Amino acid sequence: DGGITQSPKYLFRKEGQNVTLSCEQNLNHDAMYWYRQDPGQGLRLIYYSQIVNDFQKGDIAEGYSVSREKKESFPLTVTSAQKNPTAFYLCASTLTSGRAGEQFFGPGTRLTVL
Amino acid sequence: AQSVAQPEDQVNVAEGNPLTVKCTYSVSGNPYLFWYVQYPNRGLQFLLKYITGDNLVKGSYGFEAEFNKSQTSFHLKKPSALVSDSALYFCAVTYTGGFKTIFGAGTRLFVKA
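Protein chains in written order, with our numbering: chain Y, 1 to 114; chain H, 1001 to 1113.
It is worth saying that the hints were derived from the structure and are not from the lab.
A few of these clues could be false.
Not everything, but these chain H residues come out facing chain Y in the computed CB check (under 7 Å) [unchecked claim]:
#, residue
1, Gly1029
2, Tyr1032
3, Leu1044
4, Lys1049
5, Ile1051
6, Thr1094
Ranges between beta-carbon positions, derived for each pair [claimed, not checked]:
#, chain 1, residue 1, chain 2, residue 2, range
7, H, Asn1012, Y, Thr96, 36 to 44 Å
8, Y, Thr86, H, Asn1012, 23 to 31 Å
9, H, Thr1020, Y, Gln41, 35 to 43 Å
10, H, Ile1051, Y, Asp59, 18 to 26 Å
11, H, Pro1018, Y, Ser73, 42 to 50 Å
12, Y, Arg44, H, Arg1108, 17 to 25 Å
13, Y, Gln41, H, Asn1012, 20 to 28 Å
14, H, Asn1017, Y, Ile60, 17 to 25 Å
15, Y, Lys9, H, Ala1005, 25 to 33 Å
16, H, Pro1007, Y, Thr86, 40 to 48 Å
17, H, Thr1052, Y, Gly63, 33 to 41 Å
18, H, Ala1113, Y, Thr20, 39 to 47 Å
In this text, all values refer to a predicted model and were calculated from it rather than measured experimentally.
Where a beta carbon is used, it is the ideal one built from N, C-alpha and C, also for glycine.
Produce the complete structure using the sequences and hints provided.
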């Protein structure tokens, strides 16, 4: 089956720890995105990547980092600098970076800071 | 500033009745408009999109949406609601010269049996 996978489904982090969320797609899509979802706020863009080895900051990139070493993979690291990391994190991809394409979403990772 | 508004946090409908979930936008240039649905603890699923052409767009699960340029709206509709339609619905837009997609805050739809 083609699609996007995210792991883990649930993640617990202690204060001061960095954690990495995995996102993998086998759709052969060029563009990939990370969003953060908080209740009542919709989706906010953290980082996006249009091609391998290139990525740009979104609207709320502070405290987060990404890499795009392979077309299929776009991991997100939540660093200790992110002051309020508890949220639902969604990874998405589109075939190209053009604005007409719909996004395909993974099932999400729920991060909780203890 | 580019924005998308979903004026209703929640919509309640009886099963079998028509439903409407509202969306308005404010973007420069020509908008590309999308509707997505999210079930609890899941990712978003694409329902339909308007790019160009016929203002009435038909999508998955019997949903449709009408693009109204003069009112800058893209309301989601379904003639007969099902209990299984209960979910969180997001309107989204991309715009000329922009790469990012802007999402509305979401509208929670409750369909009562």
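Results of checking the hints against the structure:
Below 7 Å, beta-carbon pairs count as interface contacts, and Gly1029 (chain H) has none with chain Y, the closest being about 10 Å; its hint is therefore violated. Because the closest C-beta pair between Tyr1032 (chain H) and chain Y is about 5 Å apart, less than 7 Å, the hint holds. With a least beta-carbon distance of about 4 Å to chain Y, the hint placing Leu1044 (chain H) at the interface is held under the 7 Å criterion. Because the closest C-beta pair between Lys1049 (chain H) and chain Y is about 6 Å apart, less than 7 Å, the hint holds.
A distance limit of 7 Å between C-beta atoms decides the matter here; for Ile1051 (chain H) the minimum to chain Y is near 5 Å, and the interface restraint holds. The interface hint given for Thr1094 (chain H) is met, as the beta carbon of that residue sits about 4 Å from the closest beta carbon of chain Y, less than 7 Å. Between Asn1012 (chain H) and Thr96 (chain Y) the CB atoms are about 39 Å apart, so this pair conforms to the stated range of 36 to 44 Å. Hint check: Thr86 (chain Y) to Asn1012 (chain H), Cβ distance near 29 Å, so the stated range 23 to 31 Å holds.
The beta-carbon spacing between Thr1020 (chain H) and Gln41 (chain Y), approximately 23 Å, falls outside the hinted interval of 35 to 43 Å. The hinted window of 18 to 26 Å between Ile1051 (chain H) and Asp59 (chain Y) holds, with their beta carbons roughly 24 Å apart. For the hinted restraint 42 to 50 Å between Pro1018 (chain H) and Ser73 (chain Y), the CB-CB distance of approximately 43 Å keeps it satisfied. For Arg44 (chain Y) paired with Arg1108 (chain H), a C-beta distance near 18 Å keeps the hint of 17 to 25 Å intact.
Checking the proposed 20 to 28 Å range against Gln41 (chain Y) and Asn1012 (chain H) shows it holds: the Cβ atoms sit about 22 Å from each other. A C-beta distance of roughly 38 Å is found between Asn1017 (chain H) and Ile60 (chain Y), which places it outside the suggested range of 17 to 25 Å. As the Cβ distance of Lys9 (chain Y) to Ala1005 (chain H) is approximately 32 Å, the hint placing it in 25 to 33 Å holds. At roughly 28 Å, the beta carbons of Pro1007 (chain H) and Thr86 (chain Y) sit outside the given window of 40 to 48 Å.
About 39 Å separates the C-beta atoms of Thr1052 (chain H) and Gly63 (chain Y), a value consistent with the hinted range of 33 to 41 Å. In this structure the hint that Ala1113 (chain H) and Thr20 (chain Y) lie 39 to 47 Å apart at CB holds, the actual value being about 43 Å.
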